[in-house]
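Note that the protein sequences, when read in sequence, are chains A and B.
Under my numbering, the first residue of the first sequence is numbered 1227, with each subsequent residue one higher.
Under my numbering, the first residue of the second sequence is numbered 18, with each subsequent residue one higher.
Hints in this document: simulated from the structure, not taken from any laboratory.
Quantities reported herein were computed from a predicted structural model and do not represent experimental measurements.
Don't take each hint at face value.
Claimed, not checked - As a list, the in silico DSSO-like pairs of lysine-lysine whose alpha-carbon atoms are at most 27 Å apart:
hint: 1; chain 1: A; residue 1: K1364; chain 2: B; residue 2: K388
hint: 2; chain 1: A; residue 1: K1282; chain 2: A; residue 2: K1254
hint: 3; chain 1: B; residue 1: K363; chain 2: A; residue 2: K1364
hint: 4; chain 1: B; residue 1: K149; chain 2: B; residue 2: K407
hint: 5; chain 1: A; residue 1: K1322; chain 2: B; residue 2: K388
hint: 6; chain 1: A; residue 1: K1254; chain 2: A; residue 2: K1408
hint: 7; chain 1: B; residue 1: K388; chain 2: A; residue 2: K1282
hint: 8; chain 1: B; residue 1: K388; chain 2: A; residue 2: K1328
hint: 9; chain 1: A; residue 1: K1364; chain 2: B; residue 2: K407
hint: 10; chain 1: A; residue 1: K1384; chain 2: A; residue 2: K1435
hint: 11; chain 1: A; residue 1: K1322; chain 2: B; residue 2: K149
hint: 12; chain 1: A; residue 1: K1435; chain 2: A; residue 2: K1408
hint: 13; chain 1: A; residue 1: K1322; chain 2: B; residue 2: K407
hint: 14; chain 1: B; residue 1: K407; chain 2: A; residue 2: K1328
hint: 15; chain 1: A; residue 1: K1282; chain 2: B; residue 2: K363
hint: 16; chain 1: A; residue 1: K1328; chain 2: B; residue 2: K363
Unchecked claim - To spell it out: a stretch of chain A is covered by chain B in this simulated footprint if at least three of its residues, at any positions, have a beta carbon under 8 Å from a beta carbon of chain B; those stretches are:
hint: 17; stretch: 1271-1285
hint: 18; stretch: 1300-1310
hint: 19; stretch: 1319-1331
For each residue, glycine too, the CB sits at the ideal point set by N, CA and C.
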Amino acid sequence: MLRRMLLELRNVGVAIGARTVLSNINMKVDSRELHVLIGPNGSGKTSLLNAIMGIKPYEVVNGQVIFMDVDVTREPPHLKARRGIAIAHQLPPVLKGIVAGKFADELVRRYGVMKIYVDTLLETLDVRYLLDRYLFDKMSGGERKRLEMFLTLLVRPKVALLDEPDSGVDIDSVEKMSNAIKVALNSGGSVVLVTHSLHMIKLLRDHIKFVHVLYGGTIIHSGLYDEVVPTIEKHGLSGALSRLVGGTH
Amino acid sequence: MNRDEVLKALTKPSPHGPDVDLSRFDIGSQTPETVDERGVERITERLGFGSQVFRRVDYLQVNESIVAKAMSEKLVKYGAVVLPTYEALRKLDWATSYSWRLIEPTVDKYTAASYLYGREYGFFIYVPPGTKVREPIYTCLFITKKNYAQLLHNIVVVDEGAELNLITGCGVPDQPTKSLHVGISEFYVGRGAKLTYTMIHAWAPDMVVRPRTAVDVHEGGEYVSYYVIYSPVESLQTYPKVYLRDRAKTTLNSVVVGTGSSIYDVGSAIILKGRESSGEILSRNLGRENSAIYARSRIEGVVGPSRGHIECLGLVDGPNAVIESLPEISSSTPEAVLTHEAAIGKISEDQISYLMSKGFSEEEARAAIIKGFLSIEEPKLPHQIMEIIKRTIEYIASRATG
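Put together the whole structure using the sequences plus the hints.
Shown next as structure tokens:
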């Protein structure tokens, strides 16, 4: 009997309107796995996560997104969220009037999360003091990113898609978010982490299943941490690209 | 007051809002009536008061019938007075000094009609010095008759160091009435006193509504108001004015939800007449369907140092809805610091996408955004009143998504 994969991308192509931005993307994510997507600006990392989630204007125009054996390619984001896919946005919008704590309470109610898990995340990400503020209003870059990660992991997703949580934030916040990712993995979730910095990847080294290198709208290499990261460290991301082309697990 | 001058003012339009021919309404006739209890129940539901609150209403006027339920027993322990205005003016010599003092009968045709034909219906509330009335006082002014003109005169006096939380619901059942509501409200907040005033309106598409309000806040006093209108009207125009003396302060909150083909001309003005006075106007306007909202706000700095701020936000959520935001700040003293911010936009796709990615359906996302937009956090309002406002906002948000 074939083993059931949590999330599988089969030859996925993504377009924004008439413009194709990604093609032939294949990836398999199993339970409790951490996959890292790395690539230069404009390589399509954000587009891929948004397309998996079904967020407009990103559209899967080819291939399939399979989640727990169900083809969810065309499902709207809220149904995917209810199935257990969550996304942490790179730039979450300000929602004045929606108090972060009340919003979190609503998510806890909808998804039936245990209080101890909520408290663990609150402490790990150090966001308790943000709960009486409006969502993302008057917050620093680090506060926004940490709060968004909290709200994403809070629902105990089966798979969390994290879009550059480490961009534009201080080292302290990167460490807190890395610890939160470990909490999510330890509690049974899987994570697809998009980043273009090595700092967070190094912090999560022991948990990473594969590092996927995205370039020019497709995955040019998927490999283990020890194959990919030292090459990038040695040659820089752009220098590593030509050396990594072709190798895929 | 020279009666001839007031008679002349019967043809004087208001500077704002559509002019209305008052001969459309049955003004001045006195016809006996029986109270339509089902209509009253329906209005109460529409106001979000619920039956529990309704049982505790202190002053209820339906058309011209006054059903002043619990008011005397509840308030007598405070030494407070709650009476129909005509009765207060007849029984209490001193009450007349508060009548038509802040609002001239000649301001426009609506004040003139109220002065000439209103027969001083409405409520009179007096809170003695140092008396803090803990429970909110509920007053309800309902219309169930057709082509009727409800002309009211409300006077509230909160004497030195006293406190009062007043909540007023005005409305009609959701059926045609083609009536007119004019409420003249004169509020006096004594030295170091505090008045919080919440008004919720639930009208119908054929209603003409013209409240006229003025507030005099004495030294160190505070006036906080919260106004919500979410029903359609033919037209509604109001422009309360708050005069602040030394160290007096005020916050004026308004939430206007435009529906149908209604015209809402809702303003507020603060006049900083005293040293170290301060005022804030916060308005949220949601334009839906074919409605037009004119959100006026003005702060005048007359004496300094003083401070004033206007925050006026609009959300256009319908292809034919219109919102005009008209903030004004004016100062005749260099010591007044006055600021304003105004913004009008639509519900952003990013916000909807964000909430959908957290598991909200598109309708739920829109409702949550609207609810958030309309929610003005007003920590100075008592818990019970915030609960009513919260229920009302939730009701609006649930209806806003169809």
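Hint consistency between A:K1435 and A:K1408 [alpha-carbon to alpha-carbon, up to 27 Å] = With a Cα-Cα distance of about 13 Å, the restraint between A:K1435 and A:K1408 holds, given a limit of 27 Å.
Do the alpha carbons of A:K1322 and B:K388 lie within 27 Å of each other, as the hint requires?
-> Holds: A:K1322 and B:K388 sit about 10 Å apart, inside 27 Å.
Does B:K407 pair with A:K1328 here, judged by a C-alpha cut-off of 27 Å?
-> holds, 14 Å
Between A:K1322 and B:K407, is the straight-line Cα distance small enough, at 27 Å or below?
-> Satisfied, since the Cα-Cα distance of roughly 16 Å is no more than 27 Å.
Proposed proximity, A:K1364 with B:K363 (alpha carbon, max 27 Å) = holds, 21 Å
Going straight from one Cα to the other, do A:K1364 and B:K388 come out at no more than 27 Å?
-> holds, 20 Å
Confirm or reject the coverage of the stretch 1300-1310 of chain A by chain B under the rule of 3 or more residues with a beta carbon closer than 8 Å to the chain's beta carbons.
-> holds (count 5)
Agreement of B:K388 and A:K1282 with the hint, judged by alpha carbon distance not exceeding 27 Å = holds, 24 Å
Does B:K407 lie within 27 Å of A:K1364 when you go C-alpha to C-alpha?
-> holds, 24 Å
Is it true that the CA of A:K1384 sits at most 27 Å from the CA of A:K1435?
-> holds, 16 Å
Below or equal to 27 Å on CA atoms is what counts here, so check B:K149 against B:K407.
-> holds, 25 Å
Given the proposed pairing of A:K1322 with B:K149, does the C-alpha separation stay at or below 27 Å?
-> violated, 34 Å
Hint check: a violation occurs at hint 11 only; the rest are consistent with the structure.
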